[in-house]
Amino acid sequence: MTYFLQLVISGIVVGSIYALSALGFVLVYKSSRVLNIAHGQIIAGGAFIVYALTVFAGLPIYISFVASMVITFFLAMSVERIFLRRLIGEPIISVIMVTIGLMSILNGVIYLTPFGSLNYSFPEFLPTTPISLGGVSISWTQMVGVVITALLIGAFSWFFKRSTIGISMRAVSDDQFAAMSVGISVPRVFGLAWAMAGLSAAAAGTIIGNITGLNFETLGAFGITVFPVVILGGLDSIIGAVVAGIIMGLIQQFAAGYLDGNWGLNGTADVLPYIILLVILLFKPHGLFGTHEIERV
Amino acid sequence: MKRNMYYLAIVMAVAAGLAFSAPVGAGETYQLGLSLAITGPTSDAGNPYSKGVEDYMRFANDTKILGDAKIDCPIRDDMYKTAVTKRNFEDFLDQGMIFFLSYATGANQALAPDFTEVQIPVVPASMDSSLMKASPYIFLPIASYSHQYVGVAEYVAANHKGEGAAKVAAFIHPSAFGRAPLADFKAAVAAGLNLELVEVVEHGKDLDNSALLQRLASKGVQYVLCHTVQSPVATLLNDAQRLGMTAKTFGEPGKITFMGAHYTGGNDLIALAGTAAEGFHWTTSYRVTSEKGPWTDWQLDMAKKYGRDDKTANSHNYASGMMAAQIAVEAIRRTREAGKKVTKETLYETLNQMNGDKAFTSLAAVGPVTYSVTDRMGVDNVQLYVVKDGVFRAVGEPFKPKYMK
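Residue numbers (the numbering used here), protein chains in the order written: chain A, 1259 to 1555; chain B, 25 to 429.
Worth flagging that the hints you see were computed from the coordinates, not collected in a lab.
Just so you know, these numbers come straight off a predicted model, no measurement behind them.
Even for Gly, the Cβ is constructed at its ideal location relative to N, Cα and C.
Take these hints with a grain of salt, some might be off.
[Claimed, not checked] Using C-beta positions, here's what the derived DEER-type ranges look like: (1) B:G414 to A:I1321: 40 to 48 Å; (2) A:F1314 to B:K365: 47 to 55 Å; (3) B:E421 to A:L1409: 26 to 34 Å.
[To be verified] Which chain B residues face chain A? A few, computed with CB under 10 Å, are given here: (4) N71; (5) G130; (6) A134; (7) V225; (8) Q238; (9) V253; (10) L324.
[As the list claims (entries may be wrong)] If you want the footprint, here are the derived chain A segments under chain B, 3+ residues with CB under 8 Å: (11) 1270 to 1281; (12) 1312 to 1324; (13) 1336 to 1349; (14) 1381 to 1390; (15) 1448 to 1454; (16) 1465 to 1471; (17) 1476 to 1483.
All chains should be built: construct the whole structure from the sequences, respecting the hints.
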């Protein structure tokens, strides 16, 4: 039973981090219908900013963390302003190609810094003794990750449901022309969506970096790693990202715990999420919580 | 007119004298080439490796190891992409390259037929033993991954205190690189190495290894032998520490002792895993800067001289790059000394004669570099290290794994 509970807790922890990483995709897509392929690079960039502020500038890591979110907020907003603003109204494939190009540019920029190819790790700032209860343990890093994920997802959910700007963003997502006709600034909404995605990416990068260490390849790849989560949850659903993240986390842990190493199986923890994703999409093509759009021809 | 003829005769005599008295190749520039991952996957190893090569080549030119001759060794990033490596290789050949420094396992396997066709000596950064079979022109600088992996396994078999064979699991990178030593490891077990291989785990990008660790523990696994890069090992070590599963001493019953070969260890592992790295056992053929000696002092001086940061200066991959460059420079030096023209063919001959009293001693590694027509693995010895108080410390003396031939 302890074994099972440990897998559940681990699955929830991993799933929460997936959800936080997927949040950036969802925020951008929810507002602008753009799939940002460069999200993994922003995740990595956020983590490196925290490290640089902490180690090079000597700031306490808590302040670096907040400062990093502020910096990526404005950086992502600038990226949208410089590269994507002009593409409003252009075919979606053009916009996706631009984000692929953006990924290459960000890769190049990061490789110009030492972070591109060397390994780093955050100074220890949390207790190393894990939190244990009934034989089930969770590290402080994981616990803080779960709490930050919960706070950010709660905040974004509230923002989209209750705040005027959030409702404007949903309106833009539903129908850009209708939103414009009632005086909503679509470009401003797009900029804000990217900025919020940048903020969440910095948080995700810091949490992942604190678990795996700061390695650009690992962090940058996370944008793709969480892609099944985004698709499964529904591209435009925050709650979908949470549920799908936790489903994926649990599937991985159970596969690793019960399937891998038995009956000649190996690596099912990496493959099974994709199989289940395909099966679910057969029945729910828009994901678990994605908006089901009806196009009249 | 007579006077002019007299002067002309003097000039010609001097010129002829210089031509005959100058050593072979004086004033020549020897063209080498290095293609490796400075960006992209594994660039955390490739980056310091490239700096090691660059610095040693500069040192060789600055200190005139080859007299008036110079070495030109352009370094190109291939981003760990075989197609780019091939393009770089062909460009280097067009520039007249006579010695190639290569990098990844996959790229070397793919380019091995080209190396054979062009007949150019190659020193790779990959220590996959299959490369030596793939082309007779590939010369591994140190003990193969198989030697290092079997070496660490032999240490387990020799020092395990429990009853029966020690239960081990292999934790490997999901690639040709990761799988490289498995066949030799299994052959060693089949040949009598007293271990039980319980499971082979090809890892993914896991954020939490609780399930894996508990599964292994439930099967009685006491030793996890890693062959991958540092980051996944660090995550594994952190999770084991959190779950209280890390052995405090080697082979502690009921706990797991973590061990690994070559790219799993080094200072980066300690940087990534922190205190969780304590007790991690690691084999390589290189000396590490935490074990002071003439080489490590020299390595640190070189890094300082050429303006490298501490991280690079203390990296075993920096030492690895320097040693690959040393082998190339030494081959050129010996070929010149023998009065031969330095070409791909003569360098190949020189490398194959690097044995017996002609073995090359590079202090970067824990044994001499020896090559012959039938043996193209440079240093045969491996050294076991263990993390103690945050640094790698040598355990015992360098040794040759008995189960590797």
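Right, here's what the structure says about each hint:
1. B:G414 to A:I1321: 40 to 48 Å: Taking Cβ atoms as reference, G414 (chain B) and I1321 (chain A) lie about 27 Å apart, which means the hint is violated.
2. A:F1314 to B:K365: 47 to 55 Å: 51 Å, holds
3. B:E421 to A:L1409: 26 to 34 Å: Violated, since E421 (chain B) and L1409 (chain A) (Cβ atoms, about 55 Å apart) do not stay within the stated range.
4. N71: 4 Å, holds
5. G130: At 16 Å from the nearest chain A Cβ, G130 (chain B) fails the 10 Å test, so the hint is violated.
6. A134: With Cβ-Cβ at 21 Å, over 10 Å, it is violated.
7. V225: 7 Å, holds
8. Q238: Interface hint status for Q238 (chain B): holds (6 Å vs cutoff 10 Å).
9. V253: With Cβ-Cβ at 9 Å, under 10 Å, it holds.
10. L324: 18 Å, violated
11. 1270 to 1281: Contact hint for the segment 1270 to 1281 of chain A vs chain B: holds, 3 residues under 8 Å.
12. 1312 to 1324: With 0 residues closer than 8 Å to chain B, the segment 1312 to 1324 of chain A misses the three-residue bar; violated.
13. 1336 to 1349: violated (count 0)
14. 1381 to 1390: Three-residue rule met by the segment 1381 to 1390 of chain A, so holds; n is 3.
15. 1448 to 1454: Coverage by chain B is violated here, the residue count being 0 at a Cβ distance below 8 Å.
16. 1465 to 1471: holds (count 4)
17. 1476 to 1483: Per the Cβ count (4), the hint holds.
Checked against the numbered hints given earlier, the structure breaks hints 1, 3, 5, 6, 10, 12, 13 and 15 and satisfies all the rest.
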